[in-house]
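Position chain B relative to chain A; hints supplied.
Next come the chains, spelled out residue by residue.
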Amino acid sequence: MRWATIARYPLIASLIAPVAALGGGFDRAIDAVVPRVVKLYGLSVGSQAGYGTGVLVSSDGLVLTVLSLLIDARRVRAVTSDGTVYEAEVVRRDPSRQLALLRLKPPDHGGEAAGSRDAVGPFPYFDLKCGADATREESLRPGDWVIAAGNPFKVAEGAEPVSIAHGVFSARTELDARRQVKEFPYRGDVLVIDAVTSNPGAPGSAVVDLEGRFVGMIGREVVSNLTHTHFNYAVPRDVLCEFFNEATGAMPRAASAAIASPSEAAVDPGIRLTRTGYRNIPPLVDRVRRGSPAELAGVRKDDLILSLNGKSVANAEEYDEQLRSIPRDRPLDLVVRRGRSIVAIHIEPEKR
Amino acid sequence: MCKRPTFRLTLLTLALSLEGAAFGAVLAAAVTIARGAEPPDGADPVSQAERRRVEMIQRVGPSVVCLFDRNQRGGGSGVLIDPEGYGLTNYHVVAAIVEAKGGLAGLSDGKLHDIEVLGTDPTGDVAMFRLTDAGPFPYASLGDSDAVRLGDTAVVMGNPFTLSEDYTPSVTLGLVTGVHRYQKGVKGNLTYTDCIQVDASVNPGNSGGPLFNAAGEVIGITGRISVNTRGRYNVGLGYAISSNQIKRFIPAMRAGLLARHGTLQATVDADNEGRIVFNRVAADSNAEKAGIHRGDRLLAFDGVPITSGNHYASLLGTYPADWPVPIEIDQEGQRRTSIVRLDAVNPKLKTPFAPDRDINIRAVERVLRAFAKATLGSADARRPMGWKWTVVREFAQGAAGAAKASECYEVSQTGDGPVRMQRRYEDGSPGPMITYDDHTATQRVDATSEAFDMAPDVGMVLSSLYVLQRWMLEPVETIDLTKVTHGGADRSVGEGSRDGGILNVLEWPVGQNAVAKFGLDTESGRLLQLRVRDVPSGAEATVDFLDYRSVGGITWPHRMEVRGAGLEYRDVLSNWELTP
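Chains as they are written, first to last, in the numbering used here: chain A, 1 to 352; chain B, 353 to 932.
Isolated chain A, as found in the complex (with noise of 0.2 Å):
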């Protein structure tokens, strides 16, 4: 039979690995992985879980996690392993990698003298390993152990161990969920996982080797519209670095960032787009910075953007996403919908 053949191939790798394991071959993951993981705790909206899971990426608290609407609480609170409750300030959002950067925070309790209320730590944390000559993970693979800490279904309270999950590492490989799955704006690439991770209160779970080093973060939900199967991946290190550098200035080129500005290195038309929400926003121009290329090549307020250098843009994270990849002397071509036409632009890079 035909599934015989398929469900060989995984189990190969599967059966002789963990008998590697029975004598505790992953006590070493977990003893790292487990006090490096934050329990989050903010806004429910509808069937949206209230609670997730961030990374510690470093000793003074800062925090990743995915892009929710958990994190759009007025409080969000995090709890680390030792039960200690934080507020958790969003420090970035990444709407094209779906990501977030948190920052721990002393709980407020009111009273307190405002001066040493943003010393918290030191807390254990996972070097992201993001210095310049940061390459991928090369040490994982396919066939190789990882375990999964988090809180899914928030099983886990106050200074309760996260929930693991062990699995295989099947693959690293691009996800490009745009055409069989819900709107899932991140395209990059991720690591293919055989436990079942995709739960609510998952994504933001740290993924470590058997070694307990960070090998990737579990990332949103990705369901199939298809089969209404879940995707189990994580994102991996070096895309989590990406961000992470954006994110804090770390990296040399970008290194005098505002910490809420988009990078320096891409193309800046100065169209700024409708804001909503998170997903599936139709990339409607709401202003246009006056002076700035866009305007002198003729976009308007209200053009719906079609196209952008021949791709289509089928939302405001795929054209924030296609934006970030060219390079700023570079010539954009835009078409929109204005009314009933379709107009082609032309916008000539702003001269420096």
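One thing to keep in mind: the hints can contain errors.
Unchecked claim - Here are the computed lysine to aspartate or glutamate pairs in the DMTMM-like style, where the Cα-Cα straight-line distance is at most 25 Å:
| hint | chain 1 | residue 1 | chain 2 | residue 2 |
| --- | --- | --- | --- | --- |
| 1 | A | Lys-105 | B | Glu-625 |
| 2 | A | Lys-105 | B | Asp-623 |
| 3 | B | Lys-536 | A | Asp-82 |
As the list claims (entries may be wrong) - Each pair of labels, with its calculated beta carbon distance range:
| hint | chain 1 | residue 1 | chain 2 | residue 2 | range |
| --- | --- | --- | --- | --- | --- |
| 4 | B | Arg-501 | A | Arg-330 | 51 to 59 Å |
| 5 | B | Ala-566 | A | Val-85 | 32 to 40 Å |
| 6 | B | Arg-403 | A | Ser-312 | 51 to 59 Å |
| 7 | B | Asp-710 | A | Gln-48 | 50 to 58 Å |
To be verified - Rough simulated footprint, nothing fancy, chain B against chain A, three-plus residues with beta-carbon under 8 Å:
| hint | segment |
| --- | --- |
| 8 | 151-158 |
| 9 | 164-173 |
| 10 | 191-197 |
Hints listed in this document are in silico derivations from the structure and should not be mistaken for laboratory results.
For every residue, glycine included, the Cβ atom is placed at its ideal position computed from N, Cα and C.
Below, chain B without anything else, positioned relative to chain A:
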């Protein structure tokens, strides 16, 4: 403690999904490859470990049973825990499939057996059943779930999606992915406290089946999973009721009783500094009677330091009602430990399984046989006709009525006659004598020379000793078991140990209004404890039996410590004489 709901796993209507089919296929492939991948020499550690696991699964697999109702619709799983065919499953499995107190169990040899549901534990979602055919049957041993650590190997066996046509269990392998978990129940029932979380696949139909450790010991019973909006099947979070909790309820379930969980009727909360403080203590609860007040700090529950309200609730849920638990508190700066007997959770709880006297008597007989074996070495050993001992009674310092430091008695009994307790003065001359005759339930004080100041509990203790001697002297077959009731479980706290062993409780009416509860160790069969309570007065005495030694082929305690009803003394037995 508000959790996302989890769902029970009974498979009432079989809907064999694609996932289920693929899942079975994966298992089949797993077994094939596990055997095929073994190199000829098998010397490398990976192959050795793999072989050990395959051997373990083959060894314990036959203990796993598939449970069905009489029409063989739907079903769950179970595991046999002794060769006589006693087994464990989930309460929700028997509640769903065994309305008429009957059902079927399929064993991996392909044979179906009738089952009888014994006792149930609806609060903890556990039930006990028995194969009604004669054994011996394959079985698995219960392991120590407190030794389970995050990352340990977890092997789940059962009948997910009722895939198995020949009753061989499906096997799934994973890790222990959480320990000491709390999963809220429904109206106080089906609560999973201090449970074990695994990422081995657990699916509908796995309910009631065992969770094994790498050594093949049962460390839990799987009965719950977290589910997503996708559907009611495995998403990587399964939960098992821990074996150490189940062990505490087995005596009651084996005896066909409704097992009741305990509560302190007191809740705790963390204060601003993270200390755990009682914020409510119910009036008339045992906790209040033990002097625990609102505002007291809870330091340790049964020797375990409490870290959160969740932790306390989770731990508390693993104890049966009426169990003595040491509670360490800080009361206005004073540390003290009180032993509190837990009140019953949900006292109005009812079960569709009415207590069955035949099941209870079978459990009584089983306990008495174990007692005879522990005392005489074997159940068929020759029993003495009578006995006599010298008792030196040492009074506790400052105890009521303790004018003297010690008194000496001779206690004796022959055949079926009364128990005599003869006082001896220091010069050897006889003092007053108490006689207790169980046939007439009378107690006579023969005080010749001085008024005998007898405390009310002495008679109760004496009459209980009479019963005890009958159990020792008579073969089990001749004992009138109809007078004895198996009262479930208790625990020995005599030696001040944290968990001094789980006891089977046998109840015997003493005299007109008193009840004696004998606590016999579930493991050794020895008598460790006696509680006698005079119902009208409420007077209670507790006797701990200690210092077991073998004299004349009979293993017997050489120290008794009696507490309660105003008396505190220690009886030291010596000069054993047995009449052959």
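Here's how the hints hold up against the structure:
1. A:Lys-105 <-> B:Glu-625: Given that 25 Å is the threshold and the Cα spacing comes to 18 Å, the pair holds.
2. A:Lys-105 <-> B:Asp-623: Roughly 21 Å separates the two Cα atoms, so the pair holds.
3. B:Lys-536 <-> A:Asp-82: holds (23 Å)
4. B:Arg-501 <-> A:Arg-330: 51 to 59 Å: holds (57 Å)
5. B:Ala-566 <-> A:Val-85: 32 to 40 Å: This hint holds: roughly 37 Å between Cβ atoms.
6. B:Arg-403 <-> A:Ser-312: 51 to 59 Å: holds (57 Å)
7. B:Asp-710 <-> A:Gln-48: 50 to 58 Å: holds (55 Å)
8. 151-158: The restraint on the segment 151-158 of chain A holds, since 7 of its residues have a Cβ under 8 Å from chain B and three suffice.
9. 164-173: Satisfied; 3 residues make the cut.
10. 191-197: Three-residue rule met by the segment 191-197 of chain A, so holds; n is 3.
Violation of the numbered hints given earlier is absent; every hint is satisfied by the structure.
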